[in-house]
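**Student:** Those protein sequence lines, which keep their order, are chains A and B.
The first sequence begins at 1 in the working numbering and counts up one residue at a time.
The second sequence begins at 1 in the working numbering and counts up one residue at a time.
Treat the hints with care, as some may be off.
Quick list of in silico lysine-lysine cross-link-like pairs, DSS-like style, CA-CA up to 25 Å [what the hints assert, rightly or not]:
#1 Lys-55(A) with Lys-213(A)
#2 Lys-55(B) with Lys-78(B)
#3 Lys-54(B) with Lys-78(B)
#4 Lys-275(A) with Lys-213(B)
#5 Lys-275(B) with Lys-213(A)
#6 Lys-78(A) with Lys-55(A)
Hint data in this document are derived by calculation from the structure and do not stem from the laboratory.
2 protein chains.
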Amino acid sequence: MNATSRDFEAYLQARQADFVAELAEFLSIPSVSAAPEHFGDVERAAAWVAERLKKAGLEHAEVLHAGRYPMVYADWLKVPGAPTVLIYGHFDVQPADPVEAWTRPPFAPTVVGGRIYARGASDDKGNMFAPILALEALLRTRGRLPVNVKLLFEGQEEILSPDLPVFVAEHRERLACDMAFSADGWQWSETEGDLRMGLRGICALEITVHGPKADLHSGVHGGAVANPIHALAALMAGLRDADGRVAVPDFYREVRALSEEERRLIAAVPFDEAKYRVQVGVEELAGETGFTPRERIGARPTLEINGISGGYVGAGVKTVLPSTASAKITCRLVPDQDPAVIAARVRDHLVKQAPRGVRVEVEILPNAGHPYLIPMDHPANRAARDVLVELYGREPYYTRSGGSIPILDLFRRELGVYTVVFGFGLPDENFHGPDEFLRLSSFRLGQLAYGLLIDRIAEISASA
Amino acid sequence: MNATSRDFEAYLQARQADFVAELAEFLSIPSVSAAPEHFGDVERAAAWVAERLKKAGLEHAEVLHAGRYPMVYADWLKVPGAPTVLIYGHFDVQPADPVEAWTRPPFAPTVVGGRIYARGASDDKGNMFAPILALEALLRTRGRLPVNVKLLFEGQEEILSPDLPVFVAEHRERLACDMAFSADGWQWSETEGDLRMGLRGICALEITVHGPKADLHSGVHGGAVANPIHALAALMAGLRDADGRVAVPDFYREVRALSEEERRLIAAVPFDEAKYRVQVGVEELAGETGFTPRERIGARPTLEINGISGGYVGAGVKTVLPSTASAKITCRLVPDQDPAVIAARVRDHLVKQAPRGVRVEVEILPNAGHPYLIPMDHPANRAARDVLVELYGREPYYTRSGGSIPILDLFRRELGVYTVVFGFGLPDENFHGPDEFLRLSSFRLGQLAYGLLIDRIAEISASA
Chain A
1 MNATSRDFEA
11 YLQARQADFV
21 AELAEFLSIP
31 SVSAAPEHFG
41 DVERAAAWVA
51 ERLKKAGLEH
61 AEVLHAGRYP
71 MVYADWLKVP
81 GAPTVLIYGH
91 FDVQPADPVE
101 AWTRPPFAPT
111 VVGGRIYARG
121 ASDDKGNMFA
131 PILALEALLR
141 TRGRLPVNVK
151 LLFEGQEEIL
161 SPDLPVFVAE
171 HRERLACDMA
181 FSADGWQWSE
191 TEGDLRMGLR
201 GICALEITVH
211 GPKADLHSGV
221 HGGAVANPIH
231 ALAALMAGLR
241 DADGRVAVPD
251 FYREVRALSE
261 EERRLIAAVP
271 FDEAKYRVQV
281 GVEELAGETG
291 FTPRERIGAR
301 PTLEINGISG
311 GYVGAGVKTV
321 LPSTASAKIT
331 CRLVPDQDPA
341 VIAARVRDHL
351 VKQAPRGVRV
361 EVEILPNAGH
371 PYLIPMDHPA
381 NRAARDVLVE
391 LYGREPYYTR
401 SGGSIPILDL
411 FRRELGVYTV
421 VFGFGLPDEN
431 FHGPDEFLRL
441 SSFRLGQLAY
451 GLLIDRIAEI
461 SASA
Chain B
1 MNATSRDFEA
11 YLQARQADFV
21 AELAEFLSIP
31 SVSAAPEHFG
41 DVERAAAWVA
51 ERLKKAGLEH
61 AEVLHAGRYP
71 MVYADWLKVP
81 GAPTVLIYGH
91 FDVQPADPVE
101 AWTRPPFAPT
111 VVGGRIYARG
121 ASDDKGNMFA
131 PILALEALLR
141 TRGRLPVNVK
151 LLFEGQEEIL
161 SPDLPVFVAE
171 HRERLACDMA
181 FSADGWQWSE
191 TEGDLRMGLR
201 GICALEITVH
211 GPKADLHSGV
221 HGGAVANPIH
231 ALAALMAGLR
241 DADGRVAVPD
251 FYREVRALSE
261 EERRLIAAVP
271 FDEAKYRVQV
281 GVEELAGETG
291 FTPRERIGAR
301 PTLEINGISG
311 GYVGAGVKTV
321 LPSTASAKIT
331 CRLVPDQDPA
341 VIAARVRDHL
351 VKQAPRGVRV
361 EVEILPNAGH
371 PYLIPMDHPA
381 NRAARDVLVE
391 LYGREPYYTR
401 SGGSIPILDL
411 FRRELGVYTV
421 VFGFGLPDEN
431 FHGPDEFLRL
441 SSFRLGQLAY
451 GLLIDRIAEI
461 SASA
């Protein structure tokens, strides 16, 4: 890489304390997209991002809307003929509940031991702020960028971006680019890079089992009237077979078989099962037989019940035979599963299996994302790989993640570009759980990485 | 029956408006025994009952305690040689949740269309108030009672009377009697009496399935780590077989087979299945094959899941693989099942069936009651039957109820007496559900019935 490419680094190093203070301010906004009572906070977070983009020297910063959720766009487009790079991230966060499980308040950020603790620190506010600061450093140091840049940050990623497809389709011209990078991701460890080749898709359903028209006394009526909780338990238990496979007809029909080469690449990624068991706190792992844990997480589809409820669960005993019971389900999908098709198969199966005496209602939720795989030799992938080699002094691992980032497939379909996942959090940072945090060292590394990436894209483009 | 036996009726008729106002005051106390935040209200209800007993002319009215819950005792013991009758009821009530399902506020009683609406109106405040008013009428009309009377009202029936066995054992002398009547029950219809021969016993358990030590992201970890909701669903689904039988080893071992005579008596009780389906709001009934709905409810044991919870059940989607999931279970028991034995069998079975990758914890809850059957020709039963024939002009039905009143078996074991269930609510009054109510006509009938009952016991005793 070019010997002068780190000229912007001093700018970043001199301002880390200010940047951390700004990040803390950003994290103190409880922008929980799943909770209607926080819609105003999601808007506040959007306004904060737009202001910060202007301050960084980016142009046309603007808050737009996709459905009821805000989006923030900005750009810097002053190098005719050079490639245009789209950088993506999100400023909404997961709910903080159970709040009582947090050691520190989720929306009053605390810096302890080189880490900043808050909901959204790692997923994704810290990660999405890094490229903004990188661009500011390049602009302030050199007065210009070597390529054209567009930035798009969304406020509905944690509810799986229901209104984004229409938004991207409507703004296809404004978002047009040659490649994209997502700041929503993480590296392997403090010393090892991770180039994510694939992410799973997702579909979501909610099932409600309806029994008697009102809650009944379980003594007076138990034995004559079907209990919706029993019916729901039977339906849920029937969703997996004894081998841990999803027991929905044709669930696996379109799943690509793993090639030997793919299995080899996955096996090359280090995985300490004993350490992982301690990390998550279980005595043994579980899942589909015939596949390794990494294959099961990254390259095989799953069906998980995310929540279940019915009847009385307060203190003491209430002898109720409830009127309804319900559950929320998400499936993680791999190529070439289509979320709408799989959701419909799960729904149809559940309705068909409805036990006697109850009525089963299944709603397919709007939250959906297609599975994603980027070609190994894609130019954006190469630029990212070169930066990771520069930063870590070794090849990154080539991995597949079990999570879902619907926008990756969306950009490919609507904008015709591949997106490289390029974030600098680490996997132990409790995203989606209590005590989420981000290492300040990762925050700094992300800023440097995006500066190097912009230069590397310009170099690869010039030499092409 | 004696021609002068209704001399007290005019006293009751003249005061119904006052009695209803008093009942409304009693119902406005939210004496929910299951909720620690209402412990003070349970005490307030006890104090109200003790005061009302004194006002009725009963003696030695006193608030005692069984564990942390209040009891109220009073008596009138001035007829040496005459039988002593114990009258029982309870002033605690079920929780009112879901409160949003109520048409009227549960603790602000409303009189509409000859009914009083409030939590506890039928179960059991209205029913337990009736004998107090009957005794007052007898005492004010005649200055004396023809038999000795003791009254015992408890504040923990709705949590299945955990501390009552010790209390009754400790107060065996004070509670000594020849027969007992429970004002916690109901009649068949506005025109038909119901003599309850048997009630089911009960045991209660809570199961918690422990998975990872904290909630995990279901995309990042789903496929490798067992999901406690799936494990719980499988365990709960496995508790019943395809014939609706409880699939716990030896669950039915001590169950008495139904005789042809018992099946005939049960079949003689009218049961309009179509009407019942409309009443509870289901399209078809369900339960153990080989038995009629009435047999399944009254004479066969059941296992019902009363509540289930786990993961995220708020608005929207949260892709969580939760740390725990739990359920509450009660079994209804018939002669000769022992609640402690059955609870232990259910617990042991669940623990043994624990799926891979999770830990199953089962707690046997203190709430327990033995099943109960009164002999057909018992004198207390005969007195009650005669009053019901007098009131309704026809034989009552001889039924078995699916509910549990632990005190019935307790009185038999500790006091050596049988207890007749003698309450005047009706089965459609939404006890344990939203919009509970009591017909004011039933309230009046209960007052008259208890007055007639006291006289009839004296007559049967004198002629013996």
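**Student:** Where does the structure disagree with the numbered hints, that is, which hint numbers, in rising order?
**Tutor:** The structure breaks only hint 1.
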